[in-house]
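Number of protein chains: 2
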Amino acid sequence: MTEVLTIALDVMGGDHGADVVLPAALRFLKRRNDFNLLLVGDRQVIETGLASLGASGNPHLEIQHASQTVEMDELPSHALRFKKDSSMRIAIDMVKAGKAQACVSAGNTGALMATARFVLKTLPGIDRPAICTSLPTITGHTWVLDLGANIDSSPKHLFQFGLMGSVLASAVDGNANPRVGLLNIGEEEIKGSETIREAASLLSASQMNYVGFVEGDDIYSGKADVVACDGFIGNIALKSSEGVAKMIAHFIKREFTRNILTRMVALLAMPVLKAFRKQIDPRRYNGASLLGLRGSVIKSHGGADVLAFSHAIEVAAVVVEQNVPELISSQMQSAMVERKVV
Amino acid sequence: MTEVLTIALDVMGGDHGADVVLPAALRFLKRRNDFNLLLVGDRQVIETGLASLGASGNPHLEIQHASQTVEMDELPSHALRFKKDSSMRIAIDMVKAGKAQACVSAGNTGALMATARFVLKTLPGIDRPAICTSLPTITGHTWVLDLGANIDSSPKHLFQFGLMGSVLASAVDGNANPRVGLLNIGEEEIKGSETIREAASLLSASQMNYVGFVEGDDIYSGKADVVACDGFIGNIALKSSEGVAKMIAHFIKREFTRNILTRMVALLAMPVLKAFRKQIDPRRYNGASLLGLRGSVIKSHGGADVLAFSHAIEVAAVVVEQNVPELISSQMQSAMVERKVV
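As given, the protein sequences belong to chains A and B, one line each in that order.
According to the numbering used here, the first sequence holds residues 1 to 342 in order.
According to the numbering used here, the second sequence holds residues 1 to 342 in order.
In short, the hints are calculated from the structure, not lab data.
Just so it is clear, CB atoms sit at the ideal spot from N, CA and C, and this is done for glycine as well.
Do not rely on the hints blindly, as some may be mistaken.
[Said to hold, decoys possible] Listed next, the in silico DSSO-like pairs over lysine-lysine satisfying Cα-Cα at most 30 Å (straight line):
(1) A:Lys-246 with B:Lys-253
(2) A:Lys-278 with B:Lys-121
(3) A:Lys-253 with B:Lys-96
(4) A:Lys-96 with A:Lys-30
(5) A:Lys-274 with B:Lys-246
(6) A:Lys-253 with B:Lys-274
(7) B:Lys-253 with A:Lys-121
(8) B:Lys-156 with A:Lys-274
(9) B:Lys-253 with A:Lys-274
(10) A:Lys-253 with B:Lys-253
(11) A:Lys-96 with B:Lys-274
(12) A:Lys-156 with B:Lys-274
(13) B:Lys-223 with A:Lys-246
(14) B:Lys-274 with A:Lys-274
(15) A:Lys-278 with B:Lys-156
(16) B:Lys-253 with A:Lys-278
(17) A:Lys-223 with B:Lys-156
(18) B:Lys-223 with A:Lys-278
(19) A:Lys-246 with B:Lys-274
(20) B:Lys-278 with A:Lys-253
(21) A:Lys-246 with B:Lys-246
[Stated by the list, open to error] If you want the footprint, here are the derived chain A segments under chain B, 3+ residues with CB under 8 Å:
(22) 32-39
(23) 154-168
(24) 294-301
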């Protein structure tokens with residue numbers, strides 16, 4: 001007998017809560033009715049929401065009541081101490097208890113990371129969990145981690161990020177030998193800090209397909225399948241990229257709406273612009289994995305819409321099917337046997 | 001009697017050497033014939049080049065022979081020791097000797113920084129020179145530094161970067177009170193390292209118009225006129241941004257060349273796309289200042305074309321007219337009087 005895999009959803013988290021999470025859940029189930037979803041949050045809000053969506057009796061949905069909500073600007077330490085009955089906490093508890101195989105939350109990142117780490121604990125050999133997401137490249141996509149969970153990462157941590165990213169890329173993309181790069185700056189001679197150089201030698205000596213240093217622009221060139229970096233660096237790279245993309249979108253829009261003529265051109269160019277936008281639609285990249293924990297936790301963007309949140313649930317589904325935590329654990333064990341230092 | 005201001009150009013530096021630098025020099029002089037240019041490099045190459053451009057007798061041009069060239073992949077230490085008669089070195093020597101008020105080079109960044117620092121020395125109170133350039137924003141532009149000259153910057157260094165950027169923004173943009181932001185990540189509670197927090201308190205306590213932490217995407221939102229950060233971080237932010245912009249350009253081109261129909265739309269949309277591209281044309285942002293030295297040195301992108309290199313000369317012209325090193329020096333003196341610690 002195979003138990004149906006279950007994903008817990010933090011219904012109250014994010015900027016839009018149930019208004020986005022419930023329709024996203026239904027959207028997901030249309031594509032993947034081999035999964036069950038456990039809706040965690042205020043029972044009445046959820047029941048009312050499902051009724052209005054005509055989904056009250058859906059056999060793939062179950063409700064788990066939680067009386068509290070973690071606020072988007074709440075301090076992680078506060079959430080950890082005073083929100084033990086929050087939808088976020090209960091969703092993670094469900095993973096811990098084995099009632100769900102993963103959970104997805106659009107709630108505040110710091111609180112989610114702190115709670116997940118406290119409840120689930122890290123895998124053997126992993127010092128710090130990392131946040132990992134895929135970003136579009138000219139040729140496909142790249143997995144980048146850490147995106148902000150850790151600052152001042154040591155060489156050992158950077159090695160672990162490389163390993164975890166490599167496992168995720170293998171599992172999700174079916175890429176047997178993902179190329180792992182280490183984010184660095186291009187200046188010769190300095191070539192990054194001592195930390196980066198030590199991390200490079202740990203990665204070189206491992207079984208991983210380490211391809212050396214990559215620079216910021218290589219994230220989007222497809223030079224590596226996995227880009228490992230400290231969380232401060234990764235966060236700045238991600239946010240800068242978002243900033244540039246937003247600015248470009250702003251300029252394109254401004255030029256195309258400048259006058260009646262450009263507006264007419266815009267109408268004609270619409271299908272082309274739409275096809276282009278689809279390529280870099282951040283909603284298609286929504287769903288960051290918190291890697292290195294004894295359980296799967298997926299972070300959705302706080303402002304995610306229905307399409308974006310349903311994509312995050314799909315990420316969770318793949319991570320669950322592939323049993324990513326188990327894979328990371330066994331890879332980490334081999335790495336530790338291989339090299340005592342790590 | 002006012003001496004005519006002179007800018008020395010490293011004619012042999014960059015990917016294209018004289019082929020780009022000489023026409024760029026003429027282009028610059030068409031707009032600014034109140035300047036003289038000192039062309040540093042192989043005399044024969046320069047004379048032949050000028051002759052072919054019909055500019056042999058131009059009274060605003062002077063030639064300074066240099067027998068060597070610093071290679072683009074040469075180690076800074078090697079250039080420093082063995083290339084004392086290189087066009088790069090002699091151009092900087094001209095600034096030191098007062099024969100030029102600034103120099104511009106498209107040569108290798110590491111060698112340029114090392115040589116400039118060795119020959120010119122840093123200003124009193126400045127520990128490390130920084131690389132600063134302006135980047136486009138939705139509302140105008142932002143000055144970002146450091147972009148890769150320093151890694152592991154201390155709070156004091158970050159403070160100095162803020163001060164130098166603030167002086168440059170004032171001098172170039174005529175902005176009397178530029179808003180200075182400190183690049184950080186958004187996670188609450190961790191909110192960056194101890195270093196960042198200490199830098200923030202130094203900046204807060206200063207006369208500068210410090211506006212607090214900014215995130216990666218704020219670089220392009222126009223939230224600050226100056227963004228101070230460690231060189232590793234700044235380099236990654238800059239390169240990631242370039243990578244995204246390149247990827248977006250690639251996707252736009254691909255969609256518009258997909259078939260005969262999209263190609264026709266592209267023809268119609270061309271003027272609009274051109275106007276948009278002009279907004280973020282990296283050539284219009286070419287010319288990074290090496291700040292904190294006792295003299296003005298401008299770094300052009302190695303692959304710069306004529307338009308781009310002439311823009312870098314224009315940056316040098318403004319920096320010279322405003323006497324930026326002098327301004328930095330006096331601001332730094334006031335800051336040191338103000339707070340003994342800095």
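Right, here's what the structure says about each hint:
Of the pairs offered as hints, the one joining A:Lys-246 and B:Lys-253 holds, with about 18 Å between alpha carbons and a cut-off of 30 Å not exceeded. The hinted pair formed by A:Lys-278 and B:Lys-121 fails the criterion: a straight-line CA distance of about 51 Å is larger than 30 Å. Of the pairs offered as hints, the one joining A:Lys-253 and B:Lys-96 is violated, with about 48 Å between alpha carbons and a cut-off of 30 Å exceeded. Distance check on the hinted pair: A:Lys-96 and A:Lys-30 sit about 27 Å apart at the alpha-carbon level, within 30 Å; holds.
At roughly 18 Å between alpha-carbon atoms, A:Lys-274 and B:Lys-246 fall within 30 Å of each other, so this suggested pair holds. Between A:Lys-253 and B:Lys-274, the direct Cα distance comes to roughly 13 Å. Compliance with the 30 Å bound is thereby established for this hinted pair. The hinted pair formed by B:Lys-253 and A:Lys-121 fails the criterion: a straight-line CA distance of about 47 Å is larger than 30 Å. Distance restraint check for B:Lys-156 and A:Lys-274: the Cα-Cα separation of roughly 47 Å exceeds the 30 Å cut-off, and the hinted pair is therefore not satisfied.
Restraint check for B:Lys-253 and A:Lys-274: satisfied, since their Cα atoms lie roughly 13 Å apart, inside the 30 Å limit. Straight-line distance between C-alpha atoms of A:Lys-253 and B:Lys-253 comes to about 17 Å, which keeps the hinted pair within the 30 Å bound. For a cut-off of 30 Å, the pair hint linking A:Lys-96 to B:Lys-274 is broken: about 55 Å separates their Cα positions. At roughly 47 Å between alpha-carbon atoms, A:Lys-156 and B:Lys-274 are farther apart than 30 Å, so this suggested pair is violated.
At most 30 Å may separate the alpha-carbon atoms for a hinted pair to count; B:Lys-223 and A:Lys-246 meet this at roughly 14 Å. Among the hinted pairs, B:Lys-274 with A:Lys-274 is consistent with the structure: their alpha-carbon atoms are about 19 Å apart, no more than 30 Å. For the given pair, A:Lys-278 sits about 44 Å from B:Lys-156 by alpha-carbon distance, which is inconsistent with the 30 Å threshold. The suggested pairing of B:Lys-253 with A:Lys-278 holds, with an alpha-carbon distance near 14 Å, which does not exceed 30 Å.
Straight-line distance between C-alpha atoms of A:Lys-223 and B:Lys-156 comes to about 36 Å, which puts the hinted pair past the 30 Å bound. A C-alpha spacing of about 28 Å is found between B:Lys-223 and A:Lys-278, which places the hinted pair at or below 30 Å, so the restraint holds. With a C-alpha separation of about 18 Å, the suggested pairing of A:Lys-246 with B:Lys-274 holds against the 30 Å cut-off. Restraint check for B:Lys-278 and A:Lys-253: satisfied, since their Cα atoms lie roughly 14 Å apart, inside the 30 Å limit.
Proposed proximity of A:Lys-246 and B:Lys-246 is supported: the alpha carbons are some 14 Å apart, at most 30 Å. Given as covered by chain B, the region 32-39 of chain A fails the check, having 0 residues with a CB less than 8 Å from a CB of that chain where 3 are the minimum. For a cut-off of 8 Å, the count of residues in the region 154-168 of chain A with a CB near a CB of chain B stands at 0, and the three-residue condition is violated. Counting residues of the region 294-301 of chain A whose CB lies closer than 8 Å to any CB of chain B gives 0, so the stated coverage by that chain is violated, three being the minimum.
Hint compliance for this structure: hints 2, 3, 7, 8, 11, 12, 15, 17, 22, 23 and 24 are not met, and every other hint is.
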